[in-house]
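Model the full structure from these sequences, guided by the hints.
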Amino acid sequence: MDTLGSIFGNGARAFIGLDTIIYALAAIGLNVQFGYAGLLNFGQAAFLAIGAYGVGISIAYLGLPLGIGVLVGIVGSAVLALLLGIPTLRLRADYLAIATIAAAEIVRLLARSGTFREYTGGSAGIGGFSQDFYALSPISEGTYGFGPWRYDERFTWIFLVGWTLVILSSVLVFLLMRSPWGRVLKGIREDEDAVRSLGKNVYAYKMQALVIGGVIGCLGGMVFALGRSSVQPDNYGTALTFFVYTVLLLGGAARVMGPVIGAAVFWLVLSVTDTALREAIDAGLPLGLSTSQVGQVRFILVGAALMALMVFRPQGIFGDKRELAINAR
Amino acid sequence: MRRRAAVVLGLALFAVLTGAMLALSPAVAATPTPTTPAVDAEVTPSGTESPAPAGEQGIRVRVLNAGADVAGVDITVILDGEEVESGESLDSGFLELPVTEPGAYTVTIDPETLPDGLTAQRESIELAVQLGGFRPAIFPLTGGDDAGAGAGGPNRFLQLSAQGLRFGLITALAAIGLSVIFGTTGLTNFAHGELVTFGAFSGLVLNVGLGIPLLVAAPIAVVVSGLFGLLNDLALWQPLRRRGTGLVAMMIVSIGLAIVLRYSFLFFFGGQVQPYDDYQAQAGLDLGPITLRPADLVSMALATVVLLLVSVALLRTRLGKATRAVADNPALAAATGINVDAVIRVVWVAGAALAGLAGILLSLAQGGSQFEMGFQILLLVFAAVTLGGLGTAFGALFGSLVVGIFIEVSTVWVPAELKNVGALAILIIILLVRPQGILGRAERVG
Numbered sequence: 001m002d003t004l005g006s007i008f009g010n011g012a013r014a015f016i017g018l019d020t021i022i023y024a025l026a027a028i029g030l031n032v033q034f035g036y037a038g039l040l041n042f043g044q045a046a047f048l049a050i051g052a053y054g055v056g057i058s059i060a061y062l063g064l065p066l067g068i069g070v071l072v073g074i075v076g077s078a079v080l081a082l083l084l085g086i087p088t089l090r091l092r093a094d095y096l097a098i099a100t101i102a103a104a105e106i107v108r109l110l111a112r113s114g115t116f117r118e119y120t121g122g123s124a125g126i127g128g129f130s131q132d133f134y135a136l137s138p139i140s141e142g143t144y145g146f147g148p149w150r151y152d153e154r155f156t157w158i159f160l161v162g163w164t165l166v167i168l169s170s171v172l173v174f175l176l177m178r179s180p181w182g183r184v185l186k187g188i189r190e191d192e193d194a195v196r197s198l199g200k201n202v203y204a205y206k207m208q209a210l211v212i213g214g215v216i217g218c219l220g221g222m223v224f225a226l227g228r229s230s231v232q233p234d235n236y237g238t239a240l241t242f243f244v245y246t247v248l249l250l251g252g253a254a255r256v257m258g259p260v261i262g263a264a265v266f267w268l269v270l271s272v273t274d275t276a277l278r279e280a281i282d283a284g285l286p287l288g289l290s291t292s293q294v295g296q297v298r299f300i301l302v303g304a305a306l307m308a309l310m311v312f313r314p315q316g317i318f319g320d321k322r323e324l325a326i327n328a329r
Numbered sequence: 001m002r003r004r005a006a007v008v009l010g011l012a013l014f015a016v017l018t019g020a021m022l023a024l025s026p027a028v029a030a031t032p033t034p035t036t037p038a039v040d041a042e043v044t045p046s047g048t049e050s051p052a053p054a055g056e057q058g059i060r061v062r063v064l065n066a067g068a069d070v071a072g073v074d075i076t077v078i079l080d081g082e083e084v085e086s087g088e089s090l091d092s093g094f095l096e097l098p099v100t101e102p103g104a105y106t107v108t109i110d111p112e113t114l115p116d117g118l119t120a121q122r123e124s125i126e127l128a129v130q131l132g133g134f135r136p137a138i139f140p141l142t143g144g145d146d147a148g149a150g151a152g153g154p155n156r157f158l159q160l161s162a163q164g165l166r167f168g169l170i171t172a173l174a175a176i177g178l179s180v181i182f183g184t185t186g187l188t189n190f191a192h193g194e195l196v197t198f199g200a201f202s203g204l205v206l207n208v209g210l211g212i213p214l215l216v217a218a219p220i221a222v223v224v225s226g227l228f229g230l231l232n233d234l235a236l237w238q239p240l241r242r243r244g245t246g247l248v249a250m251m252i253v254s255i256g257l258a259i260v261l262r263y264s265f266l267f268f269f270g271g272q273v274q275p276y277d278d279y280q281a282q283a284g285l286d287l288g289p290i291t292l293r294p295a296d297l298v299s300m301a302l303a304t305v306v307l308l309l310v311s312v313a314l315l316r317t318r319l320g321k322a323t324r325a326v327a328d329n330p331a332l333a334a335a336t337g338i339n340v341d342a343v344i345r346v347v348w349v350a351g352a353a354l355a356g357l358a359g360i361l362l363s364l365a366q367g368g369s370q371f372e373m374g375f376q377i378l379l380l381v382f383a384a385v386t387l388g389g390l391g392t393a394f395g396a397l398f399g400s401l402v403v404g405i406f407i408e409v410s411t412v413w414v415p416a417e418l419k420n421v422g423a424l425a426i427l428i429i430i431l432l433v434r435p436q437g438i439l440g441r442a443e444r445v446g
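Those protein sequence lines, which keep their order, are chains G and Y. For the first sequence, position 187 (counting from the first letter as 1) is numbered 187 according to my numbering, and the numbering increases by one without interruption. For the second sequence, position 287 (counting from the first letter as 1) is numbered 287 according to my numbering, and the numbering increases by one without interruption.
By construction, these hints were calculated from the structure, which means they are not laboratory data. Take these hints with a grain of salt, some might be off.
Quick look at which bits of chain G chain Y covers, simulated, 3 or more residues with Cβ under 8 angstroms [what the hints assert, rightly or not]:
| id | stretch |
| --- | --- |
| 1 | 92–106 |
| 2 | 113–122 |
| 3 | 290–299 |
| 4 | 310–319 |
Cβ coordinates follow ideal geometry from the N, Cα and C atoms, glycine included.
In structure tokens, the structure reads:
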């Protein structure tokens with residue numbers, strides 16, 4: 001029963017935990033770009049990195065207050081979206097994918113390079129910048145929550161802030177997509193030329209979607225940085241982007257709640273398989289696995305899930321097949 | 001429903017066969033406790049030049065900078081967290097460090113003792129030492145202002161150009177497959193890097209695991225890679241094409257496949273860099289201003305010959321012409337009686353075989369195979385293919401050579417760790433100003 005308890009407890013915590021918040025925010029941003037506007041942005045990891053480094057460098061290196069750091073991250077990700085969008089948004093979908101993935105790798109390689117170690121901390125990253133954030137916490141010392149969800153005051157604070165951001169972003173997306181602006185965006189996804197023939201500036205709409213999605217993604221990066229109290233460049237590799245795609249496609253693209261549910265289910269499944277495998281190894285079951293291989297099995301599962309989703313249920317759990325066939329060229 | 005069943009069957013078959021191939025790996029994987037401890041004392045790894053006396057085994061260590069030995073680097077051999085042997089690297093050839101028992105050893109070098117300005121690409125290597133055999137552990141160095149053989153100036157430029165040419169020729173092998181697959185099927189294959197890794201590890205299984213000399217193992221590995229490409233197409237891509245799956249959906253499927261394959265390699269082979277048993281011990285040949293190992297020269301010659309053969313095949317043979325016709329316009333090609341599916345199948349086999357060869361040569365050039373090696377060059381291959389023009393074979397060849405030389409030569413001005421940034425930036429700029437690539441033809445859309 002103890003084993004079952006730990007599987008259940010870890011799963012329940014992962015369902016609404018820090019990773020779920022980070023991936024939900026990243027996927028909400030990606031949903032605006034990919035789900036609604038049909039933009040194949042494979043550089044979402046770079047937006048998270050800009051958010052995380054914006055806060056980290058501003059506070060740890062420049063000694064600025066937290067508020068300015070958050071502002072730097074948001075402005076930085078908007079600028080990145082513009083820089084990325086100006087050359088690439090006129091490209092065909094697959095070219096856009098290659099260009100954005102290359103841009104994201106450039107950001108990561110620059111961040112981890114020894115040349116800029118003074119500012120970015122090189123491959124070790126930055127730490128020790130989250131005191132300001134936790135000093136803002138109105139929550140007094142103690143343990144909060146019930147059942148499997150018992151958190152100390154620090155985690156409770158980042159948890160509340162994170163979920164508030166997820167809810168606000170979701171509401172924003174909901175309102176945006178009900179508006180005429182959102183309908184034009186969906187029209188671009190379905191048939192760009194038709195929308196252009198109606199006199200809409202397709203390029204401007206795509207750019208706005210890229211900026212909004214990027215800024216929401218950068219909030220995820222900030223939660224990542226503040227929740228872990230550190231920024232490490234290799235956390236923002238292409239694997240992060242691919243995982244966020246899996247989350248989005250799992251929950252259902254072009255659905256307001258798709259990214260949130262996708263992130264929760266994604267981390268629930270990963271946590272349950274992870275804990276179950278580890279417990280089985282501890283119990284001496286002959287799986288032919290070592291504990292270090294459990295993490296690799298997790299990646300293999302994610303890849304297989306991404307393939308299977310795309311082949312058999314491209315609309316995800318809650319998606320509507322009519323809404324999104326993902327056949328954009 | 002039948003199509004769906006066919007896809008399920010295909011995926012299952014694919015998983016089983018991939019697993020079967022990878023199951024051959026335990027002999028290679030240097031897990032902390034090898035599941036198959038070396039039993040056969042007679043199987044000394046081939047290629048170690050002088051067979052060790054019976055009953056003696058150990059590790060041969062070299063520290064190399066651009067093909068030249070670096071002396072005076074402190075080396076430590078660790079077993080189960082305890083130091084068992086140590087020494088200093090020699091200025092000529094291998095330092096032999098015998099160990100008393102077979103097992104999984106870790107060889108580390110002390111970065112403090114490296115010459116100024118040089119950094120090790122890796123500071124530790126894990127090896128499974130077998131009874132009666134010596135395993136090579138090579139530490140390549142990078143960086144510094146005197147990375148080339150020459151002291152600087154034009155010599156360094158030539159040396160870097162030669163290394164760039166080597167890298168360019170190797171990426172060209174991978175790029176042609178990627179480009180022609182894109183041309184004939186429209187698939188942006190993010191799993192192409194894993195075909196490269198597959199070739200390298202197939203060679204590793206045959207060479208290190210089964211003890212076949214690399215000269216024999218490499219052709220077999222290339223054939224196995226080609227079969228793997230056929231399997232890719234038959235089990236996954238052909239059913240998806242028949243279902244009419246969109247190109248973007250197929251691209252995301254290829255990302256999923258890449259993740260599955262990459263972490264399967266990690267799962268079965270471990271994360272360490274694993275060299276082939278052969279051709280690790282070569283000293284650089286002094287060719288006037290540049291220094292290259294004989295293995296490098298052979299690699300470059302082989303790649304050139306293969307690339308020429310592929311070019312001639314594309315230009316002169318019926319099949320090559322059919323391939324270019326399908327790449328140009330599949331519907332029109334089908335209308336003229338070309339069997340498009342058969343052409344695509346050939347393209348997959350040939351593309352995967354070329355990628356496998358690229359993997360083997362890359363492993364030789366980099367001093368070992370590693371589960372991420374293909375993925376690490378994938379974006380550079382994309383850059384090369386885009387530069388030359390997506391979908392064209394000769395564009396891929398041209399783009400690869402430019403990217404390869406550009407990357408290496410750029411280290412004259414930028415730090416070595418940032419050399420890929422320039423290539424990726426070029427990729428974006430090319431997409432901006434000339435998305436059809438330098439050799440590609442502008443296409444009318446709509």
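We went through each hint and held it up to the structure:
Note: the stretch 92–106 of chain G has 12 residues with beta-carbon separation from chain Y under 8 angstroms; the three-residue rule is met and the coverage holds. Note: the stretch 113–122 of chain G has 3 residues with beta-carbon separation from chain Y under 8 angstroms; the three-residue rule is met and the coverage holds. Here's how the stretch 290–299 of chain G fares: 5 of its residues keep a CB closer than 8 angstroms to some CB of chain Y, so the rule of at least three is met and the hint holds. For the stretch 310–319 of chain G, the stated coverage by chain Y is satisfied: 4 residues place a CB nearer than 8 angstroms to a CB of that chain, which reaches the threshold of 3.
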